[in-house]
Every structure is written in structure tokens, then in C-alpha cells.
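Trainee: As a plain string of letters, each chain reads:
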Amino acid sequence: MSISKVALLLEHKPFELEIFKKKKLFSEAIHESFNHHIDNNDLFRNYCENKNFQLKRAIDNIEEYPYLPVKIFKNKKLISVTDEEIKLTLSSSATTGTPSQVALDSLTSKRQTIVAANVISDYLGRHRRPFLILDEDPLESKSRDISARAAATRGFLMLSSKPEYFLKNFEEQLHLDIKKLQKTITNYESLKQEVCIFGFTFVLYHSVIKPLKEKGIKCQLPVNSKIAHIGGWKKLESEKVSKEKFLEDTSEVFGIDKKNIFDFYGFTEQMGLLYVSSGEMPKITPAYSEIIIRDFKTLNSVKDGEKGLIQILTPIPNSYPGISILTEDVGRIVGRGADKMGRIGTQFEIIGRANKAETRGCGDIMSEFIA
Amino acid sequence: MTIYHVPHNLKKIDHPSWDLDDETLIRFNQIENYESSITSIKDKSKYLKDLSIDHILEFFNSLAIEWLNNPESKFLKYFSSMGASFLINFIKRSNLEPLLSESLNNNINYIDNFIYVENLQRKIMAHPKGLITHWLAGNVPVLGMISLIQGIVTKNTNVIKIPREGGLILPFMAGLIAEHSHDTGKCIVNGSDIINSCQFVYCDRKDVVAQKTLSINSDIRVAWGGREAVESVMSLPRKYGTEDVIFGPKYSFAVIGKDSFQKEQLNEIAYKLAIDVSVFEQQGCNSPHTVFYESGGNINSLQFSKALAEAMEKVLKRIPKNLVSAEEASNVVNIRAEYSFTGSVFSSKGTEWTVIFSEDKGFAEACYSRTIFVRPIKNVNEVLECIEHKKHQTIGLCLNDNVKELFAKEATSKGIERITELGKMSIYDYPWDGMFPMNRFIRWASLNSNNDKSTT
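Protein chains in written order, with our numbering: chain A, -19 to 351; chain B, 295 to 750.
Next comes chain A alone, as it looks inside the complex:
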């Protein structure tokens, strides 16, 4: 049996494939993936037919592939494998209404783990180090949203030698244990042990950076330490905290270079794929996915630099057809090829979300909760 095109793609590191080589490998993999879902998912096949899409021998331009809007996973059970093959159902962390649900088979789970590990370790390094998690301990928490945050955190803990939590929940408000944090950091500093601080963007700023800055407290992290945060910017932006201010304040409080502050972006419907910005640099697509920006009016792809709705294609999902998704995020492509750090891919920025689109992401959920 020949190795699948998707598996071939996954053999590569995330940011090393030259553009033309990625184009060939990715085209073959996404074609194979569309073939699989059209053959094994009646609803998806009908959907493609309704869009007048027929899988020809080769699709020259990936823009020709139809896309599913991300919201469809709230309303439709779209499965491309047998019920027996489903091992787990993932739910998105929607604050209101119905959450998205995607069914995972072991192949999809395995692929997700590979791509997530490849991307995370490319930015944070492969070695384990202490993780200082600026959130409450899920084992001690009674918060209603902790399970979603804990699930999102878990993916990062593969790089952790020792997870420690520093926030406590009193009367539905998260409070930082400043003394514990200072003592822990001082201890690692004396051991010259680098650490990774991990948190949800809004929680990290609202419950940690802002109060520490207001009190004039600085916690110098050991050399080579990193800060990773996830969860989105919507709430912070509504409070007029720009990305620049976030980076400035975080860098100042923890005495860390901005390039060692990493913002991770991803969504449940394509779990495992993460898009990271290091400091002020844009996010970049790994070998395993490609981005298209679509015009609000024509839905055609726009020129690089112009804004539109973000569509992401990936051959990773096997058990559900989340292989071409139009998100509700607005973004623009800012470059192609190698970035300043030598990572090769399509560089893009997220500008915002369709105005009234549902608040998503664990950090945004938390922002609703503690604001």
C-alpha cells in the first residue's frame, strides 16, 4: 500500500519547504483529502455538487476548492468515517448558542498531534522546561469555563517538565498570587533554568500584566525564557489595549525581548494547526495548511495586502470535512516566502472578526467571565 499524500506532507518540518515544493506536495495532499471526503461523506458530496464543484484529475489553483463556513459545524453533523471509528468529539468553546462539534478518529488525532508538536516546538524548542501557567489549576477550579481552557492548555504541556498555576478564583474574579510567582521566578533565575510562561491573552494581561505594571512590580525571567499566549484579542481591543501595548507592557514586566513573546492562533474546526506570531512579526502558515483571503463582496481572493475573510485549507482532518474552512476572522496576507527568522510560508495578520460574530476562543470566553 502506498503512503498517503497527507502522510508525505507531514513528514516535512513546518517551515522548511520551499514554496514550489510545498505547492506540489500540498496540492496533492489536499486533492487526496477532498477525494476522501467526497467519496465518504454524502452531505459533503452534495454540498460540493451544489457548488458545481467536481473533483477533476488535478486542480490547478487551490482557490477552486469549495469551502465550508466555520459555523456549519454548529448545525451539521458532518462525518466522513464510520461511527465506530470516532474516538472523540471536540466541542468549541462558544460563549452563546450552540458550540461547534467535530468528530475525531484516531488518524485525525494523530495528525493533529504531529502538526501541533511540530509547530509549537519550532517556536518554543523541543526540550522540556518548567511551565508557569497564569491561570487557575483545573483540578482545584470550580469555574464553568475551566475545562475548555484546560483542554487548550494541555496541548502545550508536552513541552512542560513541571506545570505550576498562579491564579486563584475568588468570587468569580481571578487573582494573581504575586508572592508565589515572584518566589518561583527567583528560584529558577538562581538555577539559571529557563521557563515558559503560558496564559490566555486577556487573562494574562488583565489579571497579571496590568496589576503588576500598576504596582510597579517587575519579575525578571531567566535567560532564554519565553511567553506563550492564546485566545484572541477581541476583548483586549475593546478595552483599547493594542497588540503593541500588550507586547510593550509584557516585555517590561517580565524583562523579556518581544521576540520571545508568542501569540498562538487556531480554532477547534482545524484543531492542531497553530499560527504563531513572534513579537511584532506576522503569523505564518506551516507546510500543512494554506491561507486565502476572500473579498467580502465578490468572495474572490484579494491581492496580498488587502483585507478579507480568512479561508484556510488543510488536508489534516480525516473524520470530518474541515479541510477548507471560511472563518469569521478578517485578515490580510503581508508576505510570502521566508520571514525574518527564515521560516517559509505565507505570512498574514489577523485584523479582527466579523463584527457581530460570536465571541470565540477560551481567552475571549474568560474575558466575558471576568470583565
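Please note that the accuracy of each hint is not assured.
Claimed, not checked - Have a look at the derived ranges for each label pair, beta carbon to beta carbon:
1) A:Lys283 / B:Leu700: 56 to 62 Å
2) B:Val503 / A:Arg106: 57 to 63 Å
3) A:Lys283 / B:Lys368: 56 to 62 Å
Unchecked claim - Here are the simulated PhoX-like pairs of lysine-lysine, each with C-alpha atoms no more than 20 Å apart in a straight line:
4) B:Lys643 / A:Lys287
5) B:Lys600 / A:Lys31
6) A:Lys31 / B:Lys500
7) B:Lys500 / A:Lys220
8) A:Lys277 / B:Lys608
9) B:Lys643 / A:Lys283
10) A:Lys277 / B:Lys336
11) A:Lys277 / B:Lys615
12) B:Lys500 / A:Lys277
13) B:Lys600 / A:Lys287
Said to hold, decoys possible - A few chain A positions that, by computed beta-carbon distances, are all more than 12 Å from chain B:
14) Ile(-17)
15) Leu(-3)
16) Glu29
17) Glu219
Hints listed in this document are in silico derivations from the structure and should not be mistaken for laboratory results. Predicted, not measured: the structure shown is a model, and the values here were computed from it. Note that the Cβ used here is the ideal one computed from N, Cα and C, for glycine as well.
Given chain A, put chain B in place with the hints provided.
Mentor: Relative to the frame of chain A, chain B by itself:
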């Protein structure tokens, strides 16, 4: 409390967007003493009160002609896709005078002088109620202007609280009115003097003190917008005797009876409905979102849907699409995808228009952006069961004459306020939302004297 004075002498070149952003706002003056600013515009309203209604109507009629015929007209240049022709038709004397007349006991001169009424055996006169504050919504700016013009022709002083979205449209339009003047042969009517009786203001919706200040100084509170917005205005304190005129959220739809048109009229009927769907991008409370199509006739509902789709494309050329926001695009893509699994979706390649046919029952949730749902029904009377008072406004009706009036009687008794032919749903006409708005903007006074029969 911060109330900003928004000037009407804006230049479009200064404002690439019509939205009121923070950057623009800080350039406007804050009103330090609202009460004295009101006193000032009330003083300036004397000019309007002294004009005869005949001259006011002539002024607006000449303005309509100017806007329509002047190829250099900024009005058409900027607002052709925002209902410019709709507003031009509204301010024509041939339209405005009958509306005013209906509100003034069939004689517009009551707003100028006492006139003897035989049945009452006394003279009566209509006076403006005083100060109207219009809380406007951003969805259809031209309706805000219609609100203001009705305030002007009834000689009231007007304060217009603009929204953030599209907030600069009305002050700019008012600026164009101010540039116009008209020689009636007896006097010159200056638009600038008329507009001086109006004040455009902005305050944050969360600024309760500012909102209360606007409210407490009003003799009439006019509120346009969504339920939350109008309820928020209604909850503000008001002085004794202040009247409320509410134009809240409403849903409109179309009903087509079986064999209510000939086969060869299919394209014409579809085109008329497409016009109703396309005007104002369905943001108006009079815009249809669902069309109920009675089955069993010569043309089935799926055939009608296809004809409607073709008509939507034709109308797109006549009424070009405005810019589409990310949210609108997202909503359209979502609804198309949802119905791709269960119904038939006909659409433009982009997000311009969408016709969705499905066997679902009842009203479809409004998606806006020229998205119309075609739903077959066995009998038009099924629709009557779905109508809710205060929720549904206009029906675009295509029904055989022998059953039309009975259906209309039932529908209006259940709460429908307007029934029009297809193609005429978007026209602002009287009564509106169940009332004659200008009638609400005036108060009646009587004079009983010895020489009553001599009219002044």
C-alpha cells in the same frame, strides 16, 4: 456628560467614511450648556414659523428638481445607492402636500393661520409641538432625513441625535439643503435659515446623563431603530406632556397567491419583488425577507425562485451593491451553506444577492444583504396565523382581486400596517407604522370669536 455639536457644513473630502469615529468626534465642539443651545435654535426657528407652508413646500419641491436635474449634484453623487431617488420623490410637493394635508384635516393652511370650520363653528389652527428630538438608527439614513423633513414642514425645532454608523450622512445632507435657496416670487426661502432651526448632536448611548438631557428637553421623542435602542429611549425621563413616536423593528414579507398572475407576467412579478428586496439592502422595516408562494398554480415555487434569481441579477445592475461588511459577508456565506444541505440556493457569485428555496414553515430569520427566502404554502390563509401585532409591518401582496380585500382585512386586523403591490413595498407612504406621523408633530388650537366666519 458629553454632548457633541455635529456641524452640518461638513465636506465629504474631510470624511472618507460616513461613520462617526473617535478621530472625527474630537474635532467637534462639546455643548457646554445644552439648555441655552436649545434656546438658541428655538430662536432661529422663528424664521421657519414665519414662512408660509406654501413657500416651505415650494422650497422642497425646487430642491427635488435641483437634486434630480443637476448633473453636478453632490446629493446624487454621494447618495444614489442610499435611496437618493426615494428621498427626492418624498420631498416633491406632489408627495409631501397630500401627506401633510392628511395630517392637517385636509387643509395645509391650518399650520399658518386660524381657519373657520363650519362643523365646529369656530376657527382652528395647528401649531408645532415645539422641540422634536430624533434618535436615529444607522440602518437606513434616508429614513432619518424623512423624519427630519416632517419635523421641518410642521415648523418644529429639531434636534437630531445621530448614530455612530453612517452618522455623518444626515449632517452632510442637511448641509446640501442649506446650500439651496428658492425665489417664490414673493420672498427668497433660504435653506441655511431652515437648517438653522435644526441641531445635530452626538452623545454616547451609555452616557445616561446626556441622554436624559436630550430627553427631558424634548416635546416629542422620535425613536428609530432596534428594540433595545427604542426601549432605551423610552425609558429615559421626560417632561409632562411629551409624546413618543416610535419606529421600532419590524419584519415585512411578500405573499403570492396561486395563479394571481399570468405565466407571461412571471418575470415582471419577480422583478418587482427583486426591487423590494434590493432597495436599502433590506435594512428597512418595510423590506421583505420571506416570500410565501401558494402552491397549485401554473408556476411552481421552485420555478418562481429561479425567475426571482434572474431578476435579482438584473436589479443588481440597476441598484448596484454598496460595500459589504465582513459581518454581512459572513452571514450570507453561512446561510447559503446551511441551506445548501436542505434547500435550493440561487445566488450571485459574490455576496450580492441570494434566493433560498426551502420547504420550511413560517418566517425565515432575516439575513439582510438581499437575501430572500421563498417558502411554498398550500393556502395563503396559512400566513394569517403567523402574523404578530407590532412585529410585522408590510405585506407585498400579489393576489387575485376577488380575495385580496378579505385577506387584507384579516391581515391588518392581526397587526399588519401596510399592504402594497409588489415593487412598492419600500416606498414611504401614509399611514406609516399605523399612524400619520406629522399629525403627531402638531397640536390643535381653537378660536371662538364673534367674527368666526371670516377666515384669516
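Trainee: Take the hints in turn and mark each one as holding or not.
Mentor: For each hint, the structure was consulted:
Restraint check, lysine 283 of chain A to leucine 700 of chain B: a C-beta distance of roughly 58 Å satisfies the suggested window 56 to 62 Å. In this structure the supplied range 57 to 63 Å holds for valine 503 of chain B paired with arginine 106 of chain A, their Cβ-Cβ distance being about 59 Å. A hinted range of 56 to 62 Å for the beta carbons of lysine 283 of chain A and lysine 368 of chain B is inconsistent with their spacing of about 31 Å. The suggested pairing of lysine 643 of chain B with lysine 287 of chain A holds, with an alpha-carbon distance near 19 Å, which does not exceed 20 Å.
Between lysine 600 of chain B and lysine 31 of chain A, the direct Cα distance comes to roughly 16 Å. Compliance with the 20 Å bound is thereby established for this hinted pair. Restraint check: the Cα-Cα separation between lysine 31 of chain A and lysine 500 of chain B comes to about 45 Å, which exceeds 20 Å; the hinted pair is violated. About 17 Å separates the Cα atoms of lysine 500 of chain B and lysine 220 of chain A, which keeps this hinted pair within 20 Å; it holds. Taking the CA atoms of lysine 277 of chain A and lysine 608 of chain B, the gap is about 17 Å. The hint holds against a cut of 20 Å.
For the proposed pair lysine 643 of chain B and lysine 283 of chain A, the alpha carbon gap of about 18 Å is at most 20 Å, so the pair holds. Restraint check: the Cα-Cα separation between lysine 277 of chain A and lysine 336 of chain B comes to about 45 Å, which exceeds 20 Å; the hinted pair is violated. As the CA atoms of lysine 277 of chain A and lysine 615 of chain B are separated by approximately 9 Å, the hinted pair is consistent with the 20 Å bound. Using a Cα cut-off of 20 Å, the hinted pair lysine 500 of chain B and lysine 277 of chain A is violated, with the two alpha carbons roughly 33 Å apart.
With a C-alpha separation of about 33 Å, the suggested pair lysine 600 of chain B and lysine 287 of chain A falls outside the 20 Å cut-off, and the hint is violated. Every beta carbon of chain B lies more than 12 Å from that of isoleucine -17 of chain A, the smallest distance being close to 33 Å; the non-interface claim holds. Residue-level check passed: leucine -3 of chain A sits 30 Å from the nearest beta carbon of chain B, beyond 12 Å. Some Cβ of chain B comes within 12 Å of the Cβ of glutamate 29 of chain A; the nearest lies about 10 Å off, and the non-interface call is violated.
With a minimum CB-CB distance of about 14 Å to chain B, glutamate 219 of chain A clears the 12 Å threshold, and the non-interface call stands.
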